[in-house]
Structures are given as structure tokens and as C-alpha cells.
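**Student:** Using the hints provided, position chain B relative to the given structure of chain A.
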Amino acid sequence: EDQVTQSPEALRLQEGESSSLNCSYTVSGLRGLFWYRQDPGKGPEFLFTLYSAGEEKEKERLKATLTKKESFLHITAPKPEDSATYLCAVQSSGSARQLTFGSGTQLTVLP
Amino acid sequence: GAVVSQHPSWVICKSGTSVKIECRSLDFQATTMFWYRQFPKQSLMLMATSNEGSKATYEQGVEKDKFLINHASLTLSTLTVTSAHPEDSSFYICSARETVLAGDTQYFGPGTRLTVL
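Protein chains in written order, with our numbering: chain A, 1 to 111; chain B, 1001 to 1117.
Treat each hint with caution, since some may be false.
Estimated spans, in silico, between C-beta atoms of each pair [claimed, not checked]:
| hint | chain 1 | residue 1 | chain 2 | residue 2 | range |
| --- | --- | --- | --- | --- | --- |
| 1 | B | 1065 | A | 18 | 48 to 58 angstroms |
| 2 | A | 18 | B | 1061 | 37 to 47 angstroms |
| 3 | B | 1089 | A | 45 | 16 to 26 angstroms |
| 4 | A | 108 | B | 1086 | 30 to 40 angstroms |
| 5 | B | 1018 | A | 17 | 43 to 53 angstroms |
| 6 | B | 1013 | A | 20 | 39 to 49 angstroms |
What the hints contain is simulated information worked out from the structure, not anything from laboratory work. In this text, a Cβ means the ideal position worked out from N, Cα and C, and glycines have one as well.
For reference, chain A alone in the conformation it holds in the complex (with noise of 0.2 angstroms):
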């Protein structure tokens, strides 16, 4: 059974502060990674797919990486408007393309 598991659950930085979100996993051959934005009362946003380990991409102010255990999301000098969830899913070769979300990290970032 696939596993996701996000930490921490929350986080607080001030405007500036650079951090990283961990997304740990266990699948049974991975097809993707997927990184997601959900602000509340809406739907994910998506972010970014990774594939395979060592794979990097960038988005602004934001940069996911990707091992064989774990993936990061890299904030670099967040704005408020960076707080939202960030959602961490993955997608096994042996599934019907199904996604197994990861419970989020809440992301508050402060003036």
C-alpha cells in the first residue's frame, strides 16, 4: 500500500525566511510525485510532477527535489502570499493512475 507522510504539519516563517517541506513515501514503483497548492474553501493548485530521483524544478519562489524516499519543496524568501496547504501526492505504476495524497503541510507566512 502506498504510503505519504508530510511534515511538519505546520509551519510558520516570517517574510524572508527560507525553509523546506519534506514529503516522505513508500510505492511500489513510483510514476510521479506530485506537488499541489490548496488555499482553503478551493482546489489543489497544481505545482509540479517529478519522476524520477534527482530530478529537480523551479517555479518562482519555490524548487521541489526529488530522492527515492523522500521529495522537498523548497521556499525561498516567502511572501504572505505564499501561505496556503502544500499537498504531496504519488502516483504507483500499478495503479489506476490513482493519486495517495500525503495530509499536508500548512504554510503560514508572516509580514
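**Tutor:** Only chain B this time, still in chain A's reference frame:
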């Protein structure tokens, strides 16, 4: 690109009534759509996988007679909550799988808040 819409965005109904939620992929075709449920402060829980032209596949513990799913076209899937009760109140979110350009990425709709009185 890759926009998914849901309608309605919120609905309030009386106990015992049925509610239909629509999920549309606006700028791509999706042979597979997914329906999720999300409780406050919790992550997404997959309810069912909807395949165009065939029966939906339900996750364990989800009543298929209560949550009717129809995927009649490559851009539309519907979820009908039949004989809704207060415990069905939740945030329902759909996603559509884009396979041509985005490498099998699921794009999510904005969600539907259902409140059953």
C-alpha cells in the same frame, strides 16, 4: 490551459433530497476523472474513479448506490448524492487526468461545498 470547473460551487439542501455536482474539463479531454471528499483540516480522500463510457470504480467503503457517478463525455463527469443526509455534508472536489501534454497530471476543480440540513 488545463482548467477544470465544478458546478455548483456550493449547495444547501434538505435531508432526503438528491444533489447533482458537475465536473468539466474546459480545455482538454479527460477519459478519466476522479471524485474526492475533503473534511475540515484533512487531506483529500478518493471516493471513485470515473471512466468515460464505463462504470465508475469506487473505493472501499464508498456506497455506489448513494454516490452515483456518470461520465457521459470526454469533458463531463457528474456526481449525484442521492437521499442526502447531514453526514454527507462535506467539500467535494473533482479532478481530470490530462494525458497528452502534462504527463498524466490531475488537475482539480474548485470544489463544491455541500451542506445538508
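**Student:** If a hint holds in the structure, say so; if it doesn't, say that too.
**Tutor:** Hints versus structure:
no.	hint	result
1	B:1065 <-> A:18: 48 to 58 angstroms	holds, 50 angstroms
2	A:18 <-> B:1061: 37 to 47 angstroms	holds, 41 angstroms
3	B:1089 <-> A:45: 16 to 26 angstroms	holds, 24 angstroms
4	A:108 <-> B:1086: 30 to 40 angstroms	holds, 31 angstroms
5	B:1018 <-> A:17: 43 to 53 angstroms	holds, 49 angstroms
6	B:1013 <-> A:20: 39 to 49 angstroms	holds, 43 angstroms
Figure legend: structure checked against the earlier numbered hints; every hint is met.
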